[in-house]
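Heads up: the sequence lines are chains A and B, in that order. What the first sequence shows, in our numbering, is residues 1 to 439, in sequence order. What the second sequence shows, in our numbering, is residues 1 to 439, in sequence order.
None of these hints come from the bench; they were simulated from the model. One or more of the hints may lead you astray.
When chains are identical, the list treats them as one kind, so a pair holds in a single copy or across two.
Within a straight-line C-alpha distance of at most 25 Å, the following computed SDA-like cross-link-like pairs (lysine to any residue) qualify [unchecked claim]:
hint, residue 1, residue 2
1, K183, K435
2, K260, R151
3, K435, N386
4, K299, E287
Protein chains: 2
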Amino acid sequence: MERVLALDLIAPAKDAPEKEVKVTGWVHRIREFGGVTFVILRDRSGLAQLVCAEKPVDSSGQGLTLESVIQAEGLPVLNEKAPGGVELAVSRIEILSRAAPDLPYQVNGDIAKTGLDTILDYRCLSLRNPKIRAIFKVQAVIIEAFAAYLRSLDFTEIKTSKIVGGGTEGGTELFEVVYFDHKAYLAQSPQFYKETMVASGLERVFEIAPAYRAEKHDTPRHLNEYVSLDVEMGFIESEKELIELEKGILSHIFEEVARKSRKELELWSAVVPDPDAVHSAPVMGYEEALKLANAEAAKASSARIFDINPEAERLLSAWAGREKGIELIFVNEFPRRHRPFYTYPLDAHRTMSFDALFRGLEISTGGKRLHDYNAFLEALPKFGINPEDMEGYCSLLKYGCPPHGGFAIGCERLTQKILGLANVKEASLFPRDRKRTTP
Amino acid sequence: MERVLALDLIAPAKDAPEKEVKVTGWVHRIREFGGVTFVILRDRSGLAQLVCAEKPVDSSGQGLTLESVIQAEGLPVLNEKAPGGVELAVSRIEILSRAAPDLPYQVNGDIAKTGLDTILDYRCLSLRNPKIRAIFKVQAVIIEAFAAYLRSLDFTEIKTSKIVGGGTEGGTELFEVVYFDHKAYLAQSPQFYKETMVASGLERVFEIAPAYRAEKHDTPRHLNEYVSLDVEMGFIESEKELIELEKGILSHIFEEVARKSRKELELWSAVVPDPDAVHSAPVMGYEEALKLANAEAAKASSARIFDINPEAERLLSAWAGREKGIELIFVNEFPRRHRPFYTYPLDAHRTMSFDALFRGLEISTGGKRLHDYNAFLEALPKFGINPEDMEGYCSLLKYGCPPHGGFAIGCERLTQKILGLANVKEASLFPRDRKRTTP
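Make a model of the complete structure from these sequences and hints.
This is the structure we're talking about:
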């Protein structure tokens, strides 16, 4: 007998012979009414109503429980009140896995009434809630669209090691790994490796992989392990080409999410930005952005802002939304003191680097990198870095390295902001913070 | 002026106006002949010949070196001896990044004459060799094809944490991470997480991510960090559906690699198997496979084989190649003692699990998993496991879990065997072994 999905449970054609079908899934709700048991079955496609004339029991005579996994056979029958207008008149039902009745988490409950810690503690169950599961359907579309767009521009996907001998950004905020007889660390980013691959002659590369930050703060915008959508590209003049590339990526992601995740967006009452509007997102120098943020803060009688901090990110995004029709703004020309040693200078104080702010949150950082060996050797002491600790970097630049640059988009942050989630942890399947390493 | 790739440097059309183009890339070779400098330029698409009437120098008067990055403008001119039949008559050349002349590794040399340690020590340079870089172009196609095939069957891509509280397979062979105030580990596989996502209602999931094995052995078949192509699927009867799925995946990968990586395959004189032949690959029970391996060993007067060890993997693959036209064989019904506690039993001694052997190497392991909570609780003590240490697993199975199973393909091993590489480390960009954490 053919297995159909809840979504495929459609009205039988008129005059067609009646034909039984099979559905499988989880028991989402049970209702008894007039001796009949109504079971709402949940599968990967949605919900379906099953009508059982007899009370379903398993081989040892135990009754159905919420979240049990069942297989049911029967005839599709029209019923206006059922999801999709069709229900299954069950002739045979089998309990494949009976759920214990002491469910510690109410899967079919209202997640707005559930605390985040409870949702994360009972992740095995909370992910069964269609609204929570929807987050990760959207995330899968984001990842697919990111890769597809870059492949269309001749970028090659790479996979680089996350166990590294040292940090690219200096030695701070690294998780240590006990690696046989010596110390190693978890990579904060594939920075050095993606630059190596550009200089290897691939010229254009991307990577989708975990990145690690041993930061102690516990905020709605931080994860200690996150999925980094990394891009690096050779033969660029300045960071402006990177910003154009990122606009193209975001535009394609918004287009694909709107197209493929309509149901998931509805569950969150989320609207993705117009893909065309992305190209109108402003690009503004750091100093000008800081002035604008302060002007906006003054209007709201808020305190003075000294940096593009979270408050400034919110004000600048809101301004772009009002003025340009999209809550997305690229701030470039960051001061040198805010950027890592490998950032390409624009002048004595400013760099060819940028952040992307989307709906009040920095979702991406990038820039052009130093590619000249002598300029690199000159820069290191200014950052208190010993060239001997940068052996890998030195050999990368010493033997012919094209002008290049890149950026990384935080996958969970982008997911969070597309759906309007309050906390970035909601956009991580099994988030890691200072206290949480399980489940 | 338009930048063209080496590959696009084609003959000017007859009677068309002459038009200068720009190329950028690395200096692969330099030859001086009769006062003219011939430069072979290498870019991401291939090689191009540049003809310079004057000796190229940089702004400080220094001459061209191998591996320098240059930009050249000129007219495309027919020349039978140039790659692609066209060379560039250079009117202007600029050195974007001059390579130091003390190259520690000869990029344009014959890699067959270079030891693996040298290739890995100078990874920044060895990856510039077109034959070595080709490995990772093929790997990118493998990853893309794996994901595309599974998406076409309604599988959802997931990204799960690699920092975990403990190991799924027991506590051995785990790398420890110093995680704030408590111990954590690097995941050996996303086993528990992918099962959770099946039971979450996604039903069909895949993940492309690093996996870690703290194994001390240093062999041509082992990596301590590798890219695992993971699949998990709900509502299956037995491991046979998983084998069919894996055949479909491999068939699609072979088809895509043959189609997209023709040049890369040529560099390695590699031939991918016929995508159709994959479906003829035999499926054989463990005991029968062991008998066959011994019969094959006896023919070669080799010693008796007591297990499906590397020697048996070679003999069985070779047999399948001879008898079925493809060096691929699935061995199922592995004895219980060889498989983890969560493996679904076929009978008292055998399990619903399998290995895939391809060209003499195990590239994949999988099977149906226990999904019944009571059967799981009964199995644990037989493996000396305390149910309290398996809290996550228990809650996964306690509250309704469909029959399910999955497998993982080692991405580097598959790459290795498609190209015929001697050592799996060649198929990892920055391989990690007991001694190596850099570059």
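Checked hints:
1. K183 with K435: Result: close both inside a copy and across copies, 23 Å intra and 11 Å inter.
2. K260 with R151: Classified as both: same-chain Cα gap 19 Å, cross-chain 13 Å, threshold 25 Å.
3. K435 with N386: between (35 Å within a copy, 24 Å between copies)
4. K299 with E287: within (19 Å within a copy, 79 Å between copies)
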